[in-house]
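Residue numbers (the numbering used here), protein chains in the order written: chain W, 1 to 339; chain F, 1001 to 1521.
Mixed in with the good hints there might be a few duds.
Just some of the chain W residues that point at chain F, by a computed CB distance under 10 angstroms [unchecked claim]:
id : residue
1  : Trp6
2  : Leu27
3  : Pro31
4  : Tyr32
5  : Ile162
6  : Gly298
Everything labelled a hint here was simulated from the structure, so no lab data went into it.
A virtual CB, placed ideally from N, CA and C, is assigned to each residue, including glycine.
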Amino acid sequence: MNIIPWRRGVLIMLGVALLSAALAACLPDTPYQRWSSLEKTIQNRLRWIYERIHYDPAPIDVAVLGPSRAGAGVSAPRVQEQLATLGKPVGVVNFSLPENGRDLHWVVENEMLSKRSPKLIVIVVIEKPSRYGHPAYKYIAPADAVVDPAYIGNLNYLANLIYLPYRQLRLFAAQFAPAAFDLPASFDPARYAGTAYDSTNSFVTGDGIRVERNRIVPVAELEAGVKRYEKGVRPPILGPRFADQEFGDERAYIRRMAAAAQARGSKIAFLFLPYYTGPRVIQERSFYEGFGPVLDAGFVSTHPEYFSDVAHLNHQGALAVSDWLAPQLAALLDEKDAR
Amino acid sequence: MLFNSFVFLFGFLPLALLATYAIGSRSQTGAKLALTILSLGFYAWWRPVHLPLLLGSIVFNYFVGDRIQDAHDAKRAGVAKAWLSFGLIVDIGLLGWFKYANFVADNLSAGLGTNWTLERIALPLAISFFTFQKIAYLIDSARGEARRMSFLDFSLFAAFFPQLIAGPIVHYKEIVPQLTRPTFGKINWEDIGVGLVIFTIGLFKKTIIADTLSPFVEPLFSAAAGPGNPGIIAGWVAATTFTLQLYFDFSGYSDMAIGLGRMFGVKLPLNFHSPLRAANISDYWRRWHMTLQRFIVAYIFQPLSMPLNRLAAERGLTGWGQFTVGVALPSFITFVVIGVWHGAGWTFLVFGIMHAVYICINEAWRERRKNRRKALRKQGIKLADPAGFELAGYHIITLVAVMLGNVMFRATSIGDAVSIWGTMAGLKGLDLAATVPGLGPELIVTSLVGVALIAFTPNTQQIMQRFDPAYNWSEWADVAPSRLRWTWAPTLAGLGLAGVALFIGVMFIQRGQAVFLYFNF
């Protein structure tokens, strides 16, 4: 028996564990299964996004990307309808997702650009960007994207990286026995939510929670929500010099999104959606303006009848924003066509 | 902070090892201080508001222990006894307040038909464990078995994070000499390596087996306790699944604790030694949660048993009379205490009573067998030890008794437990074709693997026997050898296997960190 000295033995043991993790992380997967892996959560819209990109031949000319405020605030079918009346018969999608984190929007954009060439990508922004990446990023991003930290100070990086071997092993096995992992074997048109999916309607999350978007909230309830929301907002800590680190998720991935759009010939624009009574000042406005125009829908912030809760518009508010937005998008599409 | 969490594995543990050994290479006192502070931080991570309670308990028991030792050294037995009583009243009172006050108040109120209620008292993490450790220290001090030490050594002994939350419940004489020897705080790669392998085995047991079984238990218990007829199989699958989960969860935790202690150069005592392979209930309890068992035996059973035996002798009791007073009565009280120690609830009380009855029956059986052996010897016949089918029968009876007890332990009420027993007994109808909730490849394969590991393979300390894996390993080295013999060695294959097991154990944490069952106590 060849006994190995303990110091080297401990290093070998840890090395084998690390090597096993690295090998597992390299296992191939089926992207459709990956995008369907959050089917039973609030992020169940991811599966529809993948299906809309890959299995639905309807055109995608204008794509809205952003957090849940974008989902509640922009009705893709309504914008599409309004653009058509303005002489722009284009396909509009809203690929927004609940919760903040620009890294996942970049993943969605990349997936879309791998198959489609939209004319215009509208990125929804809020008054102050998140300091963290999206919690669903580690489940959905391709393995090489998870390995890439993107910027110094990525606070989610280690947690995302540690998850990767398990995810890949699971997805790898799911290719051979999808039912055992509760994942689809292939696209099922019967389960597809359709081309004209409207994210501004009330919906039920994958874990069975109904999110109501067709209600008008009493002002007192909204004001109480504002107090709670503002209590949780933290102003910048590190100052402008380190903004690329403190708000690295926003800045690094907006740069990447802009670069990817440019490479594909797509135009970028930003849409600001406020919370109820929220400020009109956009912390990163000048940064965004370096990549495209900022369309400011701040006018809705004083309309309590437009909100279903403190940060999300109701369907009525979404229609107001969509009707206001369509002519501006038409103008941007004109600019794009003129080039 | 859970041992099976990333913040522990990739944050706290490396930091604690680095701090202890980096500082320990220059100053042992510094290493102890660092490890004590980190251990207190480990405790506070869960609920910082209860840290003052732990700190208060440490300061109080150090002070009282000192007074007892002074009195013992000065041969002032009365003073030592007075301080010991004071210390025990405070410790047990504190435990009683936090753990049992709501239960007593609720039941008194219900019994007296009043609406009086006591505000809900949050149970401080690990209070049952650290209180028992302190009680043992005070009693050891009064017996002259615990010697004076610095406050820092006592604090580290009391707060040492591997054993702090759910044991093993340690004694002064086991731990303090290890903390005060000159090598403590000096890096020893063998200790780190052996500790890492033991930790890995525990992590594997917890995350691969216990956590896989965990989501099946609740639906199985609900179905088996429900009003319909879930079928006899559902009842037995529920009891088996929970028994396996409980064993792999708690023994896995204990392995992790022992492994972590070893990484810091401290050997902790064993807490499990293949208890589900026991052929009688007394043996089961010697090998299940061993440090609780020995605590109860040393500080409750023996102090009760000795005067009761004296009483029996004074009253001239012999045979079954002597057995009832001297053995059955203290056994009964001891196991009722064990039941109640687990929690404030009628199900725990009944669980304790069940095991008390089991133990009494077992002791009576043993007594009867002893008498028979004597009688046969007089006739020149030797009574053979049980073997073959007879022995297999004892194993089965013991396992079934344990499983019935575990049903009571896990059930939400006595009524539910009785209902599940009814299902197991087929009283709701046999219906062998009834659908068992969750019974699919995952549950079947995991259960079979669990059963095979228990029945045939060596346990953690047997696998690691080359490296004196626990403080009291020598006492158990020859007990309950496994059918399959295999020991681990730091060869390339052994290290590779351990590395892969570590990877799988860590990877399976990603399914969701299930809290250890014994964290509730």
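Hint by hint, here is what the structure shows:
no. : hint   : in the structure
1   : Trp6   : holds (4 angstroms)
2   : Leu27  : violated (12 angstroms)
3   : Pro31  : violated (20 angstroms)
4   : Tyr32  : violated (21 angstroms)
5   : Ile162 : holds (6 angstroms)
6   : Gly298 : violated (40 angstroms)
Violation of the numbered hints given earlier is confined to hints 2, 3, 4 and 6; the remaining hints are satisfied by the structure.
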